[in-house]
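A.B. asks: Sequence:
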Amino acid sequence: MILKLKINCNFDAVKRINTLLILGLLLIGCSQTSTKINSTNSTRYAQGFSIENKNDHKILSLKNTLPGSSKIFRYLIISEEAKIPSTLNYDGIIRTPVKRIVTTSTTHLAFLEELNATENLVGFPQTDYISSVQIRKKIDAGKVVDVGMSQQLNVERILEVDPDILLSFGVDQIDNSLKRFNRMGIPTAFIGEWNEQNPLGRAEWIKVFGLLLDKEKEAFEFFDNTEKKYLEAKKSTLKIKSKPTLIAGAIYQDAWYLPGGNSYLAKLFEDANTNYLWRDNNQTGSLALSIEVVLEKGKDANYWFAPGQHTSYSILTAEHALYSKFEATQKRKIFTYARSKGSKGGIIFLNLAPVIPILF
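If you want this note's numbering, it's the 1-based position in the sequence shown plus 3.
Don't read these hints as lab results, they were simulated from the structure.
Fair warning: there could be bad hints in the mix.
[As the list claims (entries may be wrong)] Straight-line Cα separation of at most 25 Å, DSS-like style, residue types lysine-lysine; simulated pairs: (1) 238 <-> 86; (2) 246 <-> 302; (3) 302 <-> 344; (4) 244 <-> 232; (5) 146 <-> 302; (6) 66 <-> 182; (7) 302 <-> 244; (8) 140 <-> 344.
[Stated by the list, open to error] Label-pair distances were calculated between CB atoms; the ranges are: (9) 92 <-> 256: 42 to 48 Å; (10) 217 <-> 136: 22 to 28 Å; (11) 291 <-> 83: 17 to 23 Å; (12) 255 <-> 146: 44 to 50 Å; (13) 283 <-> 182: 41 to 47 Å; (14) 119 <-> 59: 47 to 53 Å.
Heads up, the beta-carbon is just placed ideally off N, CA and C, and yes, glycines get one too.
Let the sequences and hints guide you as you build the complete structure.
C.D. replies: Listed below in structure tokens is the structure:
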């Protein structure tokens with residue numbers, strides 16, 4: 004969970020802001036409702052995938068695997084028993100349900116957990132980054148194998164665990180990676196949820212995992228409940244009479260890095276009805292600004308979110324004397340995610356929050 008360094012506030016408006024920010028940062032289960040899966044599964048928020056239902060198979064299209072990329076990957080999704088159509092104009096053929104998965108991003112693991120599919124995970128690179136208690140038990144039991152590094156996978160280990168699919172994220176030369184593993188009989192799907200700037204757009208990628216695991220009903224129900232809870236929390240913040248001001252980020256190598264105005268976090272700040280001071284910037288990634296610029300614009304901000312890896316006020320101010328000049332520091336109104344870690348040091352926020360914008 005997100006932990007506050009120390010917050011001294013007692014007014015309802017701020018509590019509602021905190022609720023939505025946390026809502027966008029952690030994962031809990033949701034109650035189920037009846038959900039209809041349409042013949043054409045159009046997405047409501049996600050821009051990076053589409054699912055087209057056919058008579059005996061489905062077509063999964065993935066795009067935006069890299070910022071600015073126009074490449075669209077098309078996959079034939081078909082059951083183990085069905086006959087493959089004669090027209091094979093696809094980047095991969097995936098038999099469902101997939102039973103053995105190698106994935107390369109911790110953000111994918113939250114989807115597997117929510118769909119009760121962690122038993123399907125057989126390989127992951129650099130497993131120390133995993134904070135999930137459930138999956139760490141599988142690692143300790145030897146049921147999840149370390150398959151190298153994300154950018155340099157150990158092919159031999161991947162072949163040993165014999166996965167039905169490799170789930171990766173967009174990186175350079177993804178076409179070569181796709182071709183290499185396809186030649187080995189391992190379809191590779193590039194999951195681009197991280198490139199979605201709408202929090203609900205990221206959450207909607209659970210539908211892709213539901214498709215692969217043959218758990219579409221559960222995935223659709225989960226997302227519908229997620230959307231409902233998120234929008235209810237967003238609506239509740241409209242009662243705030245005066246939007247509190249907000250800064251984010253921290254100093255790294257003589258520059259202050261903070262979310263761009265069109266980024267995922269900036270959207271969360273907007274939905275929480277706060278006044279993020281860099282909301283008018285049009286970048287979707289991070290901004291690198293001079294320390295002086297941030298101090299001049301943000302020193303009087305009411306709140307400060309995500310001050311890097313700092314876990315206490317003493318550590319924060321010892322790192323850089325300038326930090327003590329901010330009102331949020333002086334009034335103890337800083338929120339950090341770095342204090343909540345798994346047994347191997349993996350930050351829970353980084354494992355879960357960027358993917359699923361529901362919490363409680």
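A.B. asks: Is it true that the CA of residue 246 sits at most 25 Å from the CA of residue 302?
C.D. replies: 17 Å, holds
A.B. asks: Does the alpha-carbon distance linking residue 140 and residue 344 stay inside the 25 Å limit?
C.D. replies: Status holds; Cα separation ~16 Å.
A.B. asks: Within a Cα-Cα threshold of 25 Å, do residue 302 and residue 244 meet the stated pairing?
C.D. replies: 22 Å, holds
A.B. asks: Do the beta carbons of residue 119 and residue 59 sit within 47 to 53 Å of each other?
C.D. replies: 27 Å, violated
A.B. asks: For residue 217 and residue 136, compare the CB-CB distance with the range 22 to 28 Å and indicate the outcome.
C.D. replies: Holds, at about 26 Å.
A.B. asks: Could one say that the CB atoms of residue 291 and residue 83 fall in the range 17 to 23 Å?
C.D. replies: 49 Å, violated
A.B. asks: Tell me if the beta carbons of residue 255 and residue 146 are separated by a distance inside 44 to 50 Å.
C.D. replies: 37 Å, violated
A.B. asks: Does residue 146 pair with residue 302 here, judged by a C-alpha cut-off of 25 Å?
C.D. replies: 49 Å, violated
A.B. asks: Look at the Cβ atoms of residue 92 and residue 256 and judge whether their distance stays inside 42 to 48 Å.
C.D. replies: 47 Å, holds
A.B. asks: Given the proposed pairing of residue 302 with residue 344, does the C-alpha separation stay at or below 25 Å?
C.D. replies: Since the Cα atoms of residue 302 and residue 344 sit roughly 29 Å apart, the hinted pair is violated (cutoff 25 Å).
A.B. asks: Compare the distance between the alpha carbons of residue 238 and residue 86 with 25 Å, and conclude whether the hinted pair is satisfied.
C.D. replies: 48 Å, violated
A.B. asks: CB of residue 283 to CB of residue 182, is that within 41 to 47 Å?
C.D. replies: 43 Å, holds
Hint check: violations occur at hints 1, 3, 5, 11, 12 and 14; the rest are consistent with the structure.
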